[in-house]
Amino acid sequence: MLPSKRLCHIGPMPIPAIDGWFVVDDGVAHLLGTRCADCRTVHFPPQTGLCRNPRCSGEDLAETRLSRRGTVWSYTNACYPPPAPFAAAEPYTPVTLAAVELAEEGIVVLGQVKDMTVDDLHVGMELELTSGPLADGPEVWMWGRP
Amino acid sequence: MGQAMSVVVAGAGMHPWGKWGRPFVGYGVAAARAALRDAGLEWTDVQFLVGADTIRNGYPGFVAGATFAQALGWTGARIASCYAACASGAQALDIARTRILAGLCDVALVVGADSTPKGFFTPVGGDRPDDPDWLRFRLLGATNPAYFALYARRRMALYGSTPEDFAAVKVKNALAGSLNPNARYRATVTAEQVLASPMVADPLRLMDICATSDGGAAVVLVSPEYARRRGLDATVRIAAISTVTPSFPNTVLELPCFATDSTAAVPPPERTFRASIAHAAYEEAGLDPADLSFAEVYDLSTALELDWIEDVGLAPPGEADKLLRAGDTALGGRIPINPSGGLASFGEAIPAQALAQVCELTWQLRGTAGARQVVNARAGLAANQGLFGHGSAIIATV
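So the protein lines, in turn, are chains A and B. Under this note's numbering, the first residue of the first sequence carries the number 72, and numbering increases by one thereafter. Under this note's numbering, the first residue of the second sequence carries the number 24, and numbering increases by one thereafter.
So that you can see chain A by itself, here it is in the shape it has in the complex (with noise of 0.2 Å):
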């Protein structure tokens, strides 16, 4: 995991949920990957150490952020309030879930909608990246309208 201090930096804003895997830049949110210099397979969540592609050895993953828009390819909700270590917020709303596929990277990246239902959404349609807080506080990177 890549450390939070890129994080400190960059003025104010809420505690991250997870460190290094997204940053608010400007109010605009990106999503971090890696990138292998050898064989360019990009990797999210970001991976250190090894490439995952198994005909490469490459060790030098270096830090890129994913494009921005992508496409739904699958979505749905949580009509009961997820179990801990998620933090349901009360009264409980849905929480919407997109999984959104990114092209120039190949891949596809789960997330929560932010201000969307599932009556919102279908497969195909271009979402964005933003973010917004769990119930608890922390913030986590979301997929909103573009």
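Keep in mind that a hint or two might mislead.
To be verified - In silico negatives: residues of chain A with every beta carbon more than 10 Å from chain B:
(1) A88
(2) V95
(3) L103
(4) R111
(5) R126
(6) E175
(7) G195
(8) E199
To be verified - Okay, the calculated bits of chain B under chain A, using three or more residues with CB under 8 Å as the criterion:
(9) 144 to 154
(10) 201 to 211
(11) 265 to 277
(12) 281 to 289
Said to hold, decoys possible - When the alpha-carbon atoms are kept at most 25 Å apart in a straight line, the in silico SDA-like pairs for lysine to any residue are as follows:
(13) A/K185 to A/A159
(14) B/K345 to B/T391
(15) B/K141 to A/E161
(16) B/K141 to A/A155
(17) A/K185 to B/P221
(18) B/K141 to A/T164
(19) B/K141 to A/P152
(20) A/K185 to B/L310
(21) A/K185 to B/V194
(22) B/K141 to A/A158
(23) A/K185 to B/V275
(24) A/K185 to A/P165
(25) A/K185 to B/M179
(26) B/K345 to A/T164
(27) B/K345 to B/V194
(28) B/K141 to A/V194
(29) A/K185 to B/D156
(30) B/K42 to A/V194
(31) B/K141 to A/C150
(32) B/K42 to A/P152
(33) B/K345 to B/V397
No wet-lab data here; the hints were simulated from the structure. None of these values were measured; they are calculated from a predicted model. C-beta: ideal position from N, C-alpha, C; glycine also.
Dock chain B against the given chain A, drawing on the hints supplied.
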């Protein structure tokens, strides 16, 4: 794989699935004794015992082989314990088969049992921010049904499957399960009941999603030579066990992952992970999907049964719904799917489930499956997929 490289399923036994609330050991022992009775063997005949582990029952669950051996009475038999999530039973079976094929033993007993808490499966306790299984709950609230629902919605978008199709899978499996004394749910259901059950993870409703259950299953494997010598029923043989992992890049979002592998550098493999699981089994058995009489597939959700039918090669992509609607996959149909009633009727008892599938293969192939018997069953496939990339497919033949 030729007959010379096969092992015999001499016995199969189960403890009925339910929510009994007792320690898992008892279910495993009951299943083991039933399998031994079925084989006509004694526990003291067993040279090697493999336990499929359970991770929610403390230390005895992590060393299931020793736990079952102690409960049955120490005999000095060799043991192994293994964990591969939902595929644990298949891996345990493969370990036993391998030892027989290597000539290191003639009689092996494979046992899996679980006792499950109520509600959603949750991650193992404690703060573990390096564990993706913990993190997916913490950051996303992504339960297991959330992933099943992503696949279901994707299927609806790609192939035009409908909630009515999903309900029809439940209706079919509940009917089969009503004929199975080991099933937890024995009532038939209507499509209206399924479609009126509460939404859990859109588009999947409560009755689309498999429950978590208590249960135990066991299988006795022997070498063909031993079966001859002891005069055992050698009708059913294991023709293949596939325990493959995905090939990079895996382009389907798997539990408990946050993302797929990237295709930026390497194009996707020829087959998806699930398709590759069955493909490896067919290759090993020297059989084709057309050779199957029936299949048990891992219907964690109703929609996933339709995916599996295509993944195991019984229908082209997007056409499983046609088979379903034509009645082909029902008992009495052209290629019955989940004649046991499937997870829809059992609920999931993780380390026992792949072995329960093998029990069903055994009874169907012997022609002793009673009211749910598949006519003239000659070959059956059981397919399953465990968390973190554990494939499992078993082919049994007469």
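We went through each hint and held it up to the structure:
Its closest Cβ contact with chain B, about 6 Å, brings A/A88 to no more than 10 Å, contrary to its assignment away from the interface. For A/V95, the non-interface assignment is confirmed: its Cβ lies about 15 Å from the closest Cβ of chain B, beyond the 10 Å cut-off. The claim that A/L103 lies off the interface holds: its Cβ sits roughly 12 Å from the closest Cβ of chain B, which is beyond the 10 Å cut-off. The claim that A/R111 lies off the interface is violated: its Cβ sits roughly 5 Å from the closest Cβ of chain B, which falls inside the 10 Å cut-off.
Some Cβ of chain B comes within 10 Å of the Cβ of A/R126; the nearest lies about 7 Å off, and the non-interface call is violated. Its closest Cβ contact with chain B, about 7 Å, brings A/E175 to no more than 10 Å, contrary to its assignment away from the interface. For A/G195, the requirement that its beta carbon stay farther than 10 Å from each beta carbon of chain B is not met, with the minimum near 7 Å. Distance to chain B confirms A/E199 as a non-interface residue, since its nearest Cβ pair spans about 17 Å, more than 10 Å.
Only residues whose beta carbon comes within less than 8 Å of a beta carbon in chain A count, and the segment 144 to 154 of chain B has 5; three or more means the coverage holds. Note: the segment 201 to 211 of chain B has 0 residues with beta-carbon separation from chain A under 8 Å; the three-residue rule is not met and the coverage is violated. Requiring three or more residues with a Cβ within less than 8 Å of a Cβ of chain A, the coverage given for the segment 265 to 277 of chain B holds, as 4 such residues are present. Against chain A, the segment 281 to 289 of chain B contributes 9 residues with a C-beta closer than 8 Å to a partner C-beta. That satisfies the three-residue criterion, and the hint holds.
Restraint check for A/K185 and A/A159: the C-alpha separation of about 15 Å stays at or below 25 Å, so the hint holds. The hinted pair formed by B/K345 and B/T391 fails the criterion: a straight-line CA distance of about 30 Å is larger than 25 Å. The hinted pair formed by B/K141 and A/E161 meets the criterion: a straight-line CA distance of about 22 Å does not exceed 25 Å. A C-alpha spacing of about 14 Å is found between B/K141 and A/A155, which places the hinted pair at or below 25 Å, so the restraint holds.
For a cut-off of 25 Å, the pair hint linking A/K185 to B/P221 stands: about 24 Å separates their Cα positions. Pair hint B/K141 plus A/T164 holds up; C-alpha atoms about 22 Å apart against a cutoff of 25 Å. Pair hint B/K141 plus A/P152 holds up; C-alpha atoms about 15 Å apart against a cutoff of 25 Å. Our distance criterion of 25 Å between C-alpha atoms is broken by A/K185 and B/L310, whose separation comes to about 49 Å.
Pair hint A/K185 plus B/V194 does not hold up; C-alpha atoms about 36 Å apart against a cutoff of 25 Å. Straight-line distance between C-alpha atoms of B/K141 and A/A158 comes to about 19 Å, which keeps the hinted pair within the 25 Å bound. The suggested pairing of A/K185 with B/V275 holds, with an alpha-carbon distance near 23 Å, which does not exceed 25 Å. Distance check on the hinted pair: A/K185 and A/P165 sit about 11 Å apart at the alpha-carbon level, within 25 Å; holds.
A C-alpha spacing of about 23 Å is found between A/K185 and B/M179, which places the hinted pair at or below 25 Å, so the restraint holds. Of the pairs offered as hints, the one joining B/K345 and A/T164 is violated, with about 37 Å between alpha carbons and a cut-off of 25 Å exceeded. For the proposed pair B/K345 and B/V194, the alpha carbon gap of about 16 Å is at most 25 Å, so the pair holds. Between the alpha carbons of B/K141 and A/V194 the distance comes to roughly 33 Å, so the proposed pair goes past 25 Å and is violated.
Under the criterion of a C-alpha separation no larger than 25 Å, the hint pairing A/K185 with B/D156 is consistent with the structure, at around 22 Å. Proposed proximity of B/K42 and A/V194 is contradicted: the alpha carbons are some 37 Å apart, above 25 Å. Distance check on the hinted pair: B/K141 and A/C150 sit about 17 Å apart at the alpha-carbon level, within 25 Å; holds. At roughly 23 Å between alpha-carbon atoms, B/K42 and A/P152 fall within 25 Å of each other, so this suggested pair holds.
In summary, the hint linking B/K345 to B/V397 is supported, as the alpha carbons are separated by about 20 Å, within the 25 Å threshold.
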